[in-house]
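Asks: Chain by chain, the residues run as shown.
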Amino acid sequence: MTNQPQIELLSVNKHYGGFHALKDINVTIPKGSFVALVGPSGCGKSTLLRSLAGLESISGGEIRITGKAVNDTPPRHRDVAMVFQSYALYPHMSVRDNMSYSMRLRKAPRAEIDAAVADVAAILGLGDYLDRKPNALSGGQRQRVAMGRAIIRNPKVFLFDEPLSNLDAALRVHMRKEIRALHDRIGATSVYVTHDQIEAMTMADHVVVLKSGVVEQQGAPLSLYDTPATKFVAGFIGSPAMNFVGGIVADTGRAVTLDLPGAPSLPLARTMEPRRKVDVGLRPEHLSIETGDAPGIETTATSVESTGSVTYLYCGGSPEIVVVLSERERISQGEPVRLTIAPDKIHLFDPETGAALR
Amino acid sequence: MSAKRHTRLLLTAAILLGAIYLFPLYWMYATALKSGSEIFAYPPTFIPRGLDFGIFAEVWATRDMGRFLWNSLVIATGSMALVALLGTGCAYVLARYRNVWIDITLFLVLMLQVLPASLMITPIFVGFSALGLLDFPRFAVMLAFTAKAMPFFVILVRATFMSIPAELEEAALVDGNSRIGAFALIALPLARNGILVSAILIFMQAFGEFVYSKSMIQDVTLQPASVGLNGFMGPNTVEWNKIMAYATIYVTPILAAFVLLQQRIVSGLTSGALK
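If you're matching them up, the sequences are chains A and B in order. With the first letter of the first sequence counted as 1, position 9 gets the number 11 in the numbering used here; the numbers rise by one all the way through. With the first letter of the second sequence counted as 1, position 231 gets the number 294 in the numbering used here; the numbers rise by one all the way through.
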């Protein structure tokens, strides 16, 4: 992996009539990296990907691929391959013809096409299906054909538009690994759009979180988890989602008092401005049950779900606090519990702007 | 039990209505085979007594039907080709792009569908006459009929194109197609059935076209079978069996084609409605 950027997005803007879909997007994608664009539906992640492919034109800014501005380059001259959410396989062509379509368009010699198809089919395990039409394939097989159609191009950049969202859960986990393995083997740059933060976290080297057309935060997956820049990112990354409780910093600046019955106080690992209103973020997996006499959040377990490996504990009413316990705790519904958290695991956010307070 | 009776009742009603609707067609066949006196007999006979199939050959020869049908064929084929050639591109654009101008165009197209041929013929006649198009009367009819039939074709084929996901063409664009290439190599083959079926329907309509042909084609050697049939019926006509024989020869091929293609036509027309 060299440091030469493969894709540069420089203050990219996109308007649909009066709707501002992308607002000043700046992202640099190094060659050979796997980047995930993640966000809730309508955040502009697909629009950004389609702009990269050239299927949408941008209203302002510049898109560069290997240093060359491609704003006015049609899709066919950008040397990108795209895998669509619906796979978009050509229904009137066999698997072989689907995969070799791009080669046939540029009039590659017959022998070269046959060799490439055989290669890709072997990589994806599609050898027995080459003469079938897409409608005679299962969902997973269609997905592979869509991948094959991209791989055979040997492009500079792979674009994935939620490619796994039509598969069932087990297959999705399997294909996740497979796509990442393929990426590592081929070494091309990949941009992957998903609304599923687990996919983004597990597959990508670099995650870009989008919300309403704005980049909320970008960085390595774990840095987003450990130090979210905004309340939105904190709530979006991690499953189950982070608990948020209103609160106020104590007079000493070394503790925070929560807006919960009994006004529990949690010690902080750093000194904050006293009497400042804050939103307190507590990750479910960082909360634990205090059995000794250390102070904590006094509440009751309203519901307990055990999956065997972990236990989900739903506590209190408004707001409800979710706790994930990896130990098997014998807690029954309605039982009082006291929750504690390590001071350095507490996230604080500005209630107005949502920005993280560090 | 009552649901079953209900179904049977509806079925009976449907068959009855169908029979009433199709009775004139039967009457045409029956009358063609009756003798002169039987046609005017009272009460009328529903099944002709003496079957005389020789009447078809006789009518074919005396009325010069080969020429008339040839003209019908020329006009129908030409109209169909023009409509399909011009209408497919139009339908594609109307299906793929969405803005105010497209909506206005669509509205105008639908409005054209409403205007009857008998109303349009006067301005068309005057215009064509000024342009000198009436010197090529069959071509003039093709043009006029193309304009008349276009909205019907465009609306049907537009529905077909709309049922083809736009992502397929986008995939083709990324794969290396130009915009026109994606249309020709992806959208067009997938819309083939809808286009074919709509074109056949246009052909059938054009084959029976009367108003424009009657008004614009003076030369009897260039007139289609519909106008020929009209010329057969004078004010004092008594040869109903011959007129019906003429009609039979004219209609039966279209009818047979429709019955043979019926299943494909229905599936072609409804395929747009399904996924």
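Worth flagging that the hints you see were computed from the coordinates, not collected in a lab. Fair warning: this is a prediction, and the values are worked out from it, not measured in the lab. For each residue, glycine too, the CB sits at the ideal point set by N, CA and C. Possibly wrong hints are sitting among the right ones.
[Stated by the list, open to error] Facing chain B, from chain A, some residues (calculated, C-beta under 7 Å):
#	residue
1	Gly19
2	Phe21
3	His22
4	Leu57
5	Thr75
6	Met84
7	Ala90
8	His94
9	Arg98
10	Tyr103
11	Lys109
12	Ala110
Asks: Next, verify each hint and record whether it holds.
Replies: Taking the hints in turn, this is what the structure says about them:
| no. | hint | in the structure |
| --- | --- | --- |
| 1 | Gly19 | violated, 10 Å |
| 2 | Phe21 | violated, 15 Å |
| 3 | His22 | violated, 19 Å |
| 4 | Leu57 | holds, 5 Å |
| 5 | Thr75 | violated, 12 Å |
| 6 | Met84 | holds, 5 Å |
| 7 | Ala90 | holds, 4 Å |
| 8 | His94 | holds, 5 Å |
| 9 | Arg98 | violated, 15 Å |
| 10 | Tyr103 | holds, 5 Å |
| 11 | Lys109 | violated, 10 Å |
| 12 | Ala110 | violated, 11 Å |
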